[in-house]
Every structure is written in C-alpha cells, then in structure tokens.
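Guided by the hints, dock chain B onto chain A, whose structure is given.
Chains as they are written, first to last, in the numbering used here: chain A, 20 to 351; chain B, 20 to 351.
These are calculated hints, taken from the structure and not from any lab test.
Note that the structure is a prediction, hence the values are computed from the model and not measured.
Where a beta carbon is used, it is the ideal one built from N, C-alpha and C, also for glycine.
There's no promise every hint is true.
[As the list claims (entries may be wrong)] Chain B is faced by these chain A residues, among others (derived, beta-carbon under 10 Å):
{"id": "1", "residue": "62"}
{"id": "2", "residue": "195"}
{"id": "3", "residue": "202"}
{"id": "4", "residue": "206"}
{"id": "5", "residue": "218"}
{"id": "6", "residue": "285"}
{"id": "7", "residue": "286"}
{"id": "8", "residue": "289"}
{"id": "9", "residue": "311"}
{"id": "10", "residue": "319"}
[Claimed, not checked] In the BS3-like style, the derived pairs of lysine-lysine whose C-alpha atoms are separated by at most 27 Å in a straight line are:
{"id": "11", "chain 1": "A", "residue 1": "109", "chain 2": "A", "residue 2": "77"}
{"id": "12", "chain 1": "B", "residue 1": "77", "chain 2": "A", "residue 2": "292"}
{"id": "13", "chain 1": "B", "residue 1": "140", "chain 2": "A", "residue 2": "77"}
{"id": "14", "chain 1": "A", "residue 1": "264", "chain 2": "B", "residue 2": "28"}
{"id": "15", "chain 1": "B", "residue 1": "292", "chain 2": "A", "residue 2": "140"}
{"id": "16", "chain 1": "B", "residue 1": "28", "chain 2": "A", "residue 2": "251"}
{"id": "17", "chain 1": "A", "residue 1": "251", "chain 2": "B", "residue 2": "77"}
{"id": "18", "chain 1": "B", "residue 1": "251", "chain 2": "A", "residue 2": "216"}
{"id": "19", "chain 1": "B", "residue 1": "140", "chain 2": "A", "residue 2": "28"}
{"id": "20", "chain 1": "A", "residue 1": "109", "chain 2": "A", "residue 2": "140"}
{"id": "21", "chain 1": "B", "residue 1": "264", "chain 2": "B", "residue 2": "279"}
{"id": "22", "chain 1": "A", "residue 1": "140", "chain 2": "B", "residue 2": "28"}
{"id": "23", "chain 1": "A", "residue 1": "140", "chain 2": "B", "residue 2": "251"}
{"id": "24", "chain 1": "B", "residue 1": "140", "chain 2": "A", "residue 2": "251"}
Below are the chains, spelled out letter by letter.
There are 2 protein chains.
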Amino acid sequence: MNTTPFDPKQFRQALGAFTTGVTIVTTRGPDGQDYGLTANSFNSVSIDPPMVLWSINKDSSSAHAFTEGSHFAVHILATDQESLSNRFAKSGADKFSGLDLQRGPCEIPLLEGCSARFQCKTTYQYEGGDHIILVGEVLAFDRFDGAPLVFHSGGYRRLLTTTAQDQESANYGENWLGFLLGRAYYQLQIPIRQQLKAMGMQDQDFELLGILSFSEGRTLDELFQVFEFTGKVLSEDQLAVWLQKDLLTLEDHRVLFTDKGRQLAIQWLAFAKAAEMAALEALSFDEAQQLKLLIGRVIQHTGAELPVHWRKENIWQDNNLWQQSDAIVSTR
Amino acid sequence: MNTTPFDPKQFRQALGAFTTGVTIVTTRGPDGQDYGLTANSFNSVSIDPPMVLWSINKDSSSAHAFTEGSHFAVHILATDQESLSNRFAKSGADKFSGLDLQRGPCEIPLLEGCSARFQCKTTYQYEGGDHIILVGEVLAFDRFDGAPLVFHSGGYRRLLTTTAQDQESANYGENWLGFLLGRAYYQLQIPIRQQLKAMGMQDQDFELLGILSFSEGRTLDELFQVFEFTGKVLSEDQLAVWLQKDLLTLEDHRVLFTDKGRQLAIQWLAFAKAAEMAALEALSFDEAQQLKLLIGRVIQHTGAELPVHWRKENIWQDNNLWQQSDAIVSTR
Numbered sequence: 020m021n022t023t024p025f026d027p028k029q030f031r032q033a034l035g036a037f038t039t040g041v042t043i044v045t046t047r048g049p050d051g052q053d054y055g056l057t058a059n060s061f062n063s064v065s066i067d068p069p070m071v072l073w074s075i076n077k078d079s080s081s082a083h084a085f086t087e088g089s090h091f092a093v094h095i096l097a098t099d100q101e102s103l104s105n106r107f108a109k110s111g112a113d114k115f116s117g118l119d120l121q122r123g124p125c126e127i128p129l130l131e132g133c134s135a136r137f138q139c140k141t142t143y144q145y146e147g148g149d150h151i152i153l154v155g156e157v158l159a160f161d162r163f164d165g166a167p168l169v170f171h172s173g174g175y176r177r178l179l180t181t182t183a184q185d186q187e188s189a190n191y192g193e194n195w196l197g198f199l200l201g202r203a204y205y206q207l208q209i210p211i212r213q214q215l216k217a218m219g220m221q222d223q224d225f226e227l228l229g230i231l232s233f234s235e236g237r238t239l240d241e242l243f244q245v246f247e248f249t250g251k252v253l254s255e256d257q258l259a260v261w262l263q264k265d266l267l268t269l270e271d272h273r274v275l276f277t278d279k280g281r282q283l284a285i286q287w288l289a290f291a292k293a294a295e296m297a298a299l300e301a302l303s304f305d306e307a308q309q310l311k312l313l314i315g316r317v318i319q320h321t322g323a324e325l326p327v328h329w330r331k332e333n334i335w336q337d338n339n340l341w342q343q344s345d346a347i348v349s350t351r
Numbered sequence: 020m021n022t023t024p025f026d027p028k029q030f031r032q033a034l035g036a037f038t039t040g041v042t043i044v045t046t047r048g049p050d051g052q053d054y055g056l057t058a059n060s061f062n063s064v065s066i067d068p069p070m071v072l073w074s075i076n077k078d079s080s081s082a083h084a085f086t087e088g089s090h091f092a093v094h095i096l097a098t099d100q101e102s103l104s105n106r107f108a109k110s111g112a113d114k115f116s117g118l119d120l121q122r123g124p125c126e127i128p129l130l131e132g133c134s135a136r137f138q139c140k141t142t143y144q145y146e147g148g149d150h151i152i153l154v155g156e157v158l159a160f161d162r163f164d165g166a167p168l169v170f171h172s173g174g175y176r177r178l179l180t181t182t183a184q185d186q187e188s189a190n191y192g193e194n195w196l197g198f199l200l201g202r203a204y205y206q207l208q209i210p211i212r213q214q215l216k217a218m219g220m221q222d223q224d225f226e227l228l229g230i231l232s233f234s235e236g237r238t239l240d241e242l243f244q245v246f247e248f249t250g251k252v253l254s255e256d257q258l259a260v261w262l263q264k265d266l267l268t269l270e271d272h273r274v275l276f277t278d279k280g281r282q283l284a285i286q287w288l289a290f291a292k293a294a295e296m297a298a299l300e301a302l303s304f305d306e307a308q309q310l311k312l313l314i315g316r317v318i319q320h321t322g323a324e325l326p327v328h329w330r331k332e333n334i335w336q337d338n339n340l341w342q343q344s345d346a347i348v349s350t351r
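Chain A with its partners taken away, still in its complex shape:
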C-alpha cells in the first residue's frame, strides 16, 4: 500500500471510489432564467436545523445564478433518469425544454420523477478551493418511490436489491442454478403452451414454432442441431407436415416461414411477450433489467463447447422477425 504521488487525474479516480447518488440542482437566476446542473457533491449536513450541502465549480457558467440566488432545489435522481442526468451535465441553453416543471419558493424550478427532492434556502456559501460550498436550509422535501441512480468510478451504476423475504432458506436442490433456470423457463412457457393448445396445436409443434422463430433461415442440419441442444428431437415427419400445410418452405436448403407460417410465428411472439410481462410482474423494472443482465453474463461465460455458428455472436443475426416484432405486434 504505497501512497500515490499527487496527480489530478489519479486524485479524481481515487475520489471515484466513493459511491454517490446523482442529483440535479436547480435555481432561478436574477435574470429570470432557470438554471440547473448535475452534481454528485451533495450530502446531508444537519438534522436540526435541517441542512444539506453541495459544491459548485467557480468556473461553472451557472455559478453566479446559485451564488446570487436565495434558494435552490436538489433532486436526487431515480435509476431511470440517466438521460436527464446527462442532459444537465452538459452546458446548454435548453436544459429545461420539454420538462414538466413545478415551482418552489422564488420560482425555483422543481423537476418530476426523481426519488427525493429538497427545496432549500441558501444559508451559507463557503470557500472550497476551486469550488464554492453551498449550504442550504431545507424548507420542504419530498420522498418518492423508486430505485436510485448511482455513480461510482466515473460511471452510472445500479444497486443490488435484496429483501428479507428473499433470504428464506431453500434446500440445495431448489437453489441449484440449473433447477432455477429450468423451472423459471418452463413456467414462463405454460401460458404460451396453453394458448397454442387452445388454437389446436400439438405439443411437439410448440417447440418447433418457438425454435423456428429464433432460427429462421437456418439449414435443416442446423435446425436439427438446435433441437439436439435442447435435448429434444425434431422428426422429419413433423417437418414434412409443416411443409405440406404451407407453414414452412425450403429455399436453398434453408428453412423459412411462408406468409401463413409467419402469421403463426407472430401469434407466438405476442403470447411470448405477454408471458414475459406476466412473469416480470414479480420484479421492479430495475430488477428485471438486472435479471436479464446477470443471465446474459452467465450465457456469455458458458457454452464455449457450442459449435462456432452457435455462439452468441454468430447466431440470430439473420432473424429479423424479432427485430421487427414491435411494429408487427402493435398492428394486430
């Protein structure tokens, strides 16, 4: 553990080790204009009297508005406000354009959708090197629900969430990742399968439809490999029936949907999206993103044994059904 010789860039990096939320601080300037900027130098100071502080660079183009103004508002941003944070982090005239604003004391602009908000009267302005430390007495505050936007080591981050209920013990089998993945996977499919069954489809056809909607344009050999990967068997008879029913066609040895087959796939897609939405009701938006990201990382890390054309970077790319699907489904 050697002490780092002084270097501004390394100093910034070391400061970045301290995790912070992200705030937007706003005020109304003496010129009657709204001013605002993104800051993570916010912190609490005092409970009684209630006080918070933050620091502004003396060179900031909005510094005068805050040092001359009598009030400011601090907005602690929620996890879905990354783009708002970016907007207020840049210099620009139009930071407030198109935003729904409320007004606080002295007409200071109040933003919506944040996770907490403090309306302050500027109490002290203190010397702080290249910054001015602004201490405000909190006149009013709001606490809203929602996960926070977090900053660490120069980038936005998310918090891992855990609840007491989640800590319940499970026996090892139930906690085996393979069990959890498989069970969630099959349970997600239940409503899809029920709906396809109601349309008169057979068990073995669910699988083929689902796999084809990801694998359209593959050769027959590749399609048989996909089935093998899932431990299931695709029979030539079944394929023949789909071809005969004019749901599939073979072009240059590649399996493609006909228009009729594509309609069926679109139907499947609608069921699939609905099933996902129902499953994700169990999670917040942020948790759902985390779940997908973590599974994605497991996928990236496993499957090295797959044939090259099967790897993530080489597959699904010819498939434009899913890419177009939002447009397609919305016109149903």
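Structure of chain B alone, referenced to chain A:
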C-alpha cells in the same frame, strides 16, 4: 407529488434516498489517543487545490479531537468492511484494538483494506447547524482495488457491476426472458451432458436421471407429468430398461433409486454442482445471490396453472438426496 410536512424522521428517510459510500475518518487527538468514526457525509470539494469535506455531529464524543487536531484521514470502505464500519459507528474505547495501523502526518492512524484513503490537513471548519463541516486539503491519497461498501435508505448495499459486454445492444429476441432463461439453462447442461455421454449414457437418459434426482419418490403418473411439463416424453420402454438394469425400483407405485441408481444420481449431482460453479464464475458472489433470488421470485410469481402437487411449496420435499448431497459428494 405533495410536499412532505416537516418531520425529522421523514427528513432522514428522504436523505437516505441519496446513495453514498461509507467512510471511516480517523485522527490523533491532543491527548495522544486515536479517534475514529464512521461517516457517510464525505464528499469531494476541489481538484486544485485538492480538497474533500465531511461533517461531524457537534455532540459526538470525538468531535473535539477533529476540531482541535490539524490532520485527519478518510478511508473509503470496501464491500467486505461492513463489520469495521459497524465497529466505528458505535461509541467505544476499543475501536482500534487489533487493527493493523500505519501512521500518517502527526501520527494520524491509517487503516488497511479500504478501497481508497485520503490523508488531509484540516483547512476550514465551517458552521453547519448541528454539525461542523470539516474541509481538508488532501496531502496524499491511495487507491486500492475492490468493490465499494454502499449505503442507501438506512442499510448497506452492494453495486451491480457492469461490464462493457453488458452494454452491447441486443435485439428483442435475445432479450426475451424466455430466450435468456432457456439458453442459460441449456448451456449450463452442456458439460453435464458431455460427462454423462463419456460414461456411455444416451441422450434420453440424461433427462430421466436429472428429473429423477429431483423427483424421487413420485408415482409413475407424477413422473410422466414432470416430463410433460418440460415438453419431453418419458417412454415406458425407457423406464423398463432402468428397472431391468437395477437402477430404479417401484415401491408402492413410487419410483425410487436402487443403491446402484443412487450412485449414478450422486455422480450427476457432482457434475451439476461443478457446472453451476463454472457458470457462476461470470458473477460475483453477491451477483450470483441476486440472480438466484430474482429467478426465485419469477418462479414464485408464475406457474399458478400447475397442479397443486407441483407448486413450489409442495414439491421436492420428499427428496433428501439433494439435502444430503454435500455430505455425500464430499466423501467421493
């Protein structure tokens, strides 16, 4: 969005919406004793000159040591320093006992194992309501590796780490939860299947072995239902072979492993655990817990359509193979 009427407890809760790191600030008192306390009111102030600040409660028993001392050190805690954070958050004479200490200017104590450390000369002491704001010029700093300890809404948190790969855009299909779950599930199975194949097992037998190890003691009907749930088919012929090979036995219409079959299941279990460990290398311990917890919540929320004996609370309970598995596998 109504403004909350003023209440100290609610004010604290609103302040808790701002995520922070956790620091321990230390100094050497005029009495020659070491002083230290946990604080999350730290923040950066200035780059040139390099300055940081934090606030101390005027009522704190160590306040005099910091206001009378000329130097202090700020330690940004790492994710595994929760207990150190707790130790320094309480009043007590023995906070430093047993800790490896280095010494900074004026003999201020420097702690080990943190993620960053700043040695400061006290430059300003400012009035801040019930707190004093201490601004220090940074004389030296250290940045160490390690994930940060994080505080939010009154509790310790951890950050979800994101990688460049995570940020890659994916088309909708790849991001469909069903795809992610299925793909991760099947990829996790690849090494298990390869190992079973190397032992001379056939494709359809992998499935039966895996399912039986979760479903031992089920009736034949229930076992057929499990297969149906996974979209696969269990043939009576296959069962007959397993019975004939003395791997399974039927007792009171329930399917049980023989000793020989159980040895096979234990082998499967060892492969399964190894496959899980390999897959989870992609994640930190916290992230792996989070992944399981989120999938668990999806499982709880879906599958209402399953027969009652299939629901989470009614299944797997007779299965003690997994529960005993740690002991069994470790003796192999």
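These are the hints, each one checked on the structure:
no. : hint           : in the structure
1   : 62             : holds (5 Å)
2   : 195            : holds (6 Å)
3   : 202            : holds (5 Å)
4   : 206            : holds (4 Å)
5   : 218            : violated (17 Å)
6   : 285            : violated (13 Å)
7   : 286            : violated (15 Å)
8   : 289            : violated (12 Å)
9   : 311            : holds (6 Å)
10  : 319            : holds (6 Å)
11  : A:109 to A:77  : holds (16 Å)
12  : B:77 to A:292  : violated (57 Å)
13  : B:140 to A:77  : holds (22 Å)
14  : A:264 to B:28  : violated (68 Å)
15  : B:292 to A:140 : violated (59 Å)
16  : B:28 to A:251  : violated (59 Å)
17  : A:251 to B:77  : violated (70 Å)
18  : B:251 to A:216 : holds (16 Å)
19  : B:140 to A:28  : holds (20 Å)
20  : A:109 to A:140 : holds (25 Å)
21  : B:264 to B:279 : holds (9 Å)
22  : A:140 to B:28  : holds (20 Å)
23  : A:140 to B:251 : violated (68 Å)
24  : B:140 to A:251 : violated (69 Å)
Violation of the numbered hints given earlier is confined to hints 5, 6, 7, 8, 12, 14, 15, 16, 17, 23, 24; the remaining hints are satisfied by the structure.
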